[in-house]
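S.K.: Spelled out from the first residue to the last, the chains are:
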Amino acid sequence: MADLRTLPLLWDELVDGHGDPRPAAAALVERLRSLDIEELQQRQGLAEVDIVALGITFTVYHDGQGTDRAWPMDIVPRVIGSSEWARIEQGLKQRLAALNRFIDDVYHDRRIVADGIFPGELLDDSVNLRRECAGVSPKFGVWAHICGSDLVRDADGVVYVLEDNLRVPSGASYLLQNRAISKRAFADLFEKQSILPVDDYPDHLRRLLASLASDELQGVRHPQVVLLTPGVYNSAYFEHSFLAQQMGVPLVEGADLFVDTSDRVWMRTIDGPKPVDVIYRRIDDQFLDPEVFRKDSHLGAPGLMRAWCSGNVAIANAPGAGVADDKVVYAWAPDFIRYYLGEEPLLPNVPTYRCLYADELDYVVEHAAELVLKPANESGGYGLTIGSAATPEELEVAVAAIKADPRNWVAQPILKLSTAPTLCAGELAPRHVDLRPFVLSGHDTYVTMGGLTRVALVDGSLVVNSSQGGGSKDTWVVEDS
Amino acid sequence: MLLSRVAERLYWAARYLERAEGTARIVREHSNVIVDLPLTVPPNWGNLLGITGGREGFDKRHDVADEVSIVSFLVADPLNHGSVYSSIGHARENLRTCRDILPAQAWNAVNDLYLASVRGAADGIQRRYRSRFLEKVIAEHQRLLGILTTTMSRDEAYTMMRLGRHIERCDMVTRVLDVRAGFLLGGERAERAELYDDLQWSSVLRSLSALQMYNRRSGSGAGAVEVIRFILGEGTFPRSVAYCLAGVQSSARELPPSESVLAACRAALIELSSSDPKALLDADALHGKADRLQIAIAEISDRIAGAYFGHAAWPN
Chain A
1 MADLRTLPLL WDELVDGHGD PRPAAAALVE RLRSLDIEEL QQRQGLAEVD IVALGITFTV
61 YHDGQGTDRA WPMDIVPRVI GSSEWARIEQ GLKQRLAALN RFIDDVYHDR RIVADGIFPG
121 ELLDDSVNLR RECAGVSPKF GVWAHICGSD LVRDADGVVY VLEDNLRVPS GASYLLQNRA
181 ISKRAFADLF EKQSILPVDD YPDHLRRLLA SLASDELQGV RHPQVVLLTP GVYNSAYFEH
241 SFLAQQMGVP LVEGADLFVD TSDRVWMRTI DGPKPVDVIY RRIDDQFLDP EVFRKDSHLG
301 APGLMRAWCS GNVAIANAPG AGVADDKVVY AWAPDFIRYY LGEEPLLPNV PTYRCLYADE
361 LDYVVEHAAE LVLKPANESG GYGLTIGSAA TPEELEVAVA AIKADPRNWV AQPILKLSTA
421 PTLCAGELAP RHVDLRPFVL SGHDTYVTMG GLTRVALVDG SLVVNSSQGG GSKDTWVVED
481 S
Chain B
1 MLLSRVAERL YWAARYLERA EGTARIVREH SNVIVDLPLT VPPNWGNLLG ITGGREGFDK
61 RHDVADEVSI VSFLVADPLN HGSVYSSIGH ARENLRTCRD ILPAQAWNAV NDLYLASVRG
121 AADGIQRRYR SRFLEKVIAE HQRLLGILTT TMSRDEAYTM MRLGRHIERC DMVTRVLDVR
181 AGFLLGGERA ERAELYDDLQ WSSVLRSLSA LQMYNRRSGS GAGAVEVIRF ILGEGTFPRS
241 VAYCLAGVQS SARELPPSES VLAACRAALI ELSSSDPKAL LDADALHGKA DRLQIAIAEI
301 SDRIAGAYFG HAAWPN
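Protein chains in written order, with this note's numbering: chain A, 1 to 481; chain B, 1 to 316.
Simulated from the structure, these hints should not be mistaken for lab results.
Don't take every hint at face value.
Label-pair ranges, simulated between beta-carbon atoms [unchecked claim]:
hint, chain 1, residue 1, chain 2, residue 2, range
1, B, 151, A, 343, 49 to 55 Å
2, B, 274, A, 60, 35 to 41 Å
3, A, 211, B, 254, 30 to 36 Å
4, A, 190, B, 151, 23 to 29 Å
5, A, 275, B, 279, 31 to 37 Å
6, A, 70, B, 146, 54 to 60 Å
7, B, 66, A, 469, 46 to 52 Å
8, A, 211, B, 274, 55 to 61 Å
9, A, 463, B, 79, 58 to 64 Å
10, B, 291, A, 275, 43 to 49 Å
11, B, 284, A, 275, 41 to 47 Å
12, B, 291, A, 262, 47 to 53 Å
13, A, 200, B, 32, 55 to 61 Å
Just so you know, even glycine gets a beta-carbon here, dropped at the ideal spot from N, CA and C.
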């Protein structure tokens with residue numbers, strides 16, 4: 001019989017400190033305990049065969065060579081009760097509403113700066129601010145249409161927002177694929193209880209994208225949506241291709257598009273040029289339009305910014321949305337919620353010390369060994385120092401860097417990420433997990449039911465990135481009321 | 001709606017795959033027939049280079065044109081763009097970016113074909129393993145075609161692949177006819193070689209997997225005129241020039257209208273029907289015919305590129 005081991009002083013997603021199942025996970029835990037480890041390993045093996053057969057891959061880059069690898073998925077799902085999920089969902093909707101209001105404010109009147117809530121100097125040299133976007137008003141006032149927030153749970157059971165990914169977040173396709181696989185692995189459990197569906201994501205995404213088209217198209221033609229990919233050598237190409245196929249929209253590369261002299265976007269088809277109304281772009285701002293941004297980029301198309309500024313094409317996410325996706329700006333997200341919505345945040349931020357302010361800087365310098373030190377504009381964990389794991393020399397270097405450029409550094413307490421039982425090394429071992437739900441914002445806001453659970457497969461590791469040996473799990477939101 | 005870029009990749013992927021299969025059939029048949037020939041009749045492996053059009057590339061890198069060097073060049077050489085191995089690799093590269101268009105199973109079949117070629121191409125050089133490898137290539141490509149036929153909508157993407165397949169096969173058939181039949185009709189033959197002509201004419205048919213269908217149709221031995229007529233004009237046989245050109249024409253009619261492509265199709269069909277097979281019983285006449293047909297096919301392909309892949313026609 002499979003044993004569910006937990007770690008002392010850590011929150012486990014399936015069982016509590018006494019080894020009793022958390023209520024929403026009762027059926028799953030009972031099933032896991034009724035199976036022996038060989039049977040589980042056999043189901044895992046079958047799932048891996050399915051993953052290869054379905055061609056679910058991601059691309060790893062090493063020495064400039066891209067290799068397709070089978071998507072790593074652990075069949076043991078992570079479970080969240082539907083009433084807890086409802087609170088998280090509300091919190092995400094609230095947060096995205098405020099973040100979008102902030103972005104819109106940044107590119108218009110900057111009331112939040114005038115009112116002394118947000119320090120304007122942080123905007124002036126933000127690498128993600130796009131001056132070209134000033135004065136543009138995207139439909140519904142929404143800039144970050146597709147957001148993949150990273151949530152983590154600390155030892156006390158509280159769920160925090162760790163990051164807002166507002167530029168080109170990926171992972172939604174894997175969320176869908178994980179569900180397809182876990183339905184096969186635990187078919188009977190899907191019959192016995194209500195596990196809320198995730199398969200409607202592509203429908204919601206397609207409807208959101210179509211809704212972004214200019215109102216002038218109403219009654220003229222169905223808006224033409226395309227998905228713009230940097231191409232087959234991008235690590236997320238599988239996802240681009242999968243989503244395009246699921247939504248039934250063309251998967252285009254920059255060279256397929258052109259912008260005419262009246263700032264309209266067209267795609268090159270065998271039947272001549274066809275108009276394009278909405279672009280779901282999966283390339284960074286910098287590569288979008290060589291007329292405006294990087295001149296050497298061949299990934300986008302010259303003139304896209306002209307077309308977007310004229311309102312002839314919608315781009316999701318909007319150029320410049322990344323201004324709110326910055327580790328320093330993050331610290332103000334709770335203030336955005338209070339300022340723009342007049343509400344208290346439903347989902348907490350991880351407490352964040354802003355080195356910009358002298359008192360917070362002093363605290364960080366003094367307690368560096370207990371904190372995670374994060375530079376503002378790096379992503380993927382680069383440049384990050386975990387105080388407890390760093391040598392005194394490394395800590396000294398980091399502190400010196402902070403003192404030299406305090407406004408570009410923040411620090412956070414070291415979270416004790418929750419664990420979930422994961423099939424590895426011949427047992428169900430507790431491994432650290434995070435959660436990436438996807439939030440779609442337009443006229444309405446939609447949140448995926450659960451999200452992509454990422455798991456650090458190495459004992460004790462906090463690194464969940466699939467490119468660095470992380471795996472994934474299906475996330476079950478189970479009806480509990 | 002089909003993007004020009006995607007159309008071009010589908011078209012070329014289909015051509016490359018058809019080329020891999022065609023080359024595999026030709027090499028397989030040549031390996032079989034030489035076993036039956038007496039030692040006085042030279043096996044003439046060089047013939048194969050004429051068919052696949054790689055002689056120049058071959059001569060640059062090889063001093064000796066023997067069985068091993070020629071078969072490895074045609075089957076396994078990564079530097080020969082027309083080799084079975086390279087063709088499959090090119091096809092896969094083209095289709096990698098069309099996975100949203102193809103049925104999921106089709107991509108798996110392309111991958112299986114690719115893996116088979118990576119694992120087996122080197123073995124394909126040795127006579128012992130050759131048939132097994134070449135048959136694997138043919139069978140995997142046939143499996144892919146089965147998947148496309150039974151699961152893919154007859155939309156522009158499907159038509160583009162069908163177009164590429166027929167153009168390539170048409171081209172290949174004319175080359176086989178030109179080189180293999182031309183050789184049989186030519187002057188410089190080994191002594192008593194004519195005793196084996198029936199065998200050789202059958203072998204020409206077999207290179208195109210046409211012998212069985214030919215026999216059913218003709219019910220007689222493999223005479224030169226009948227064979228030439230069958231390969232050029234037998235509209236019911238899918239590896240004849242007539243059938244392939246009809247396939248090209250009907251595909252072109254399903255695409256957005258292009259008078260230039262359709263005119264080139266008509267010109268090729270007129271060229272096909274303009275000579276009596278009896279007049280082609282001469283190496284030069286047959287060679288001239290094959291040449292004109294190949295030029296007509298190349299013209300169709302150029303016009304397809306101009307009309308649909310559109311490099312010249314676009315702004316910017």
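S.K.: Taking the numbered hints from earlier one at a time, note which ones the structure violates and give those numbers from smallest to largest.
M.R.: 2, 5, 6, 9 and 11
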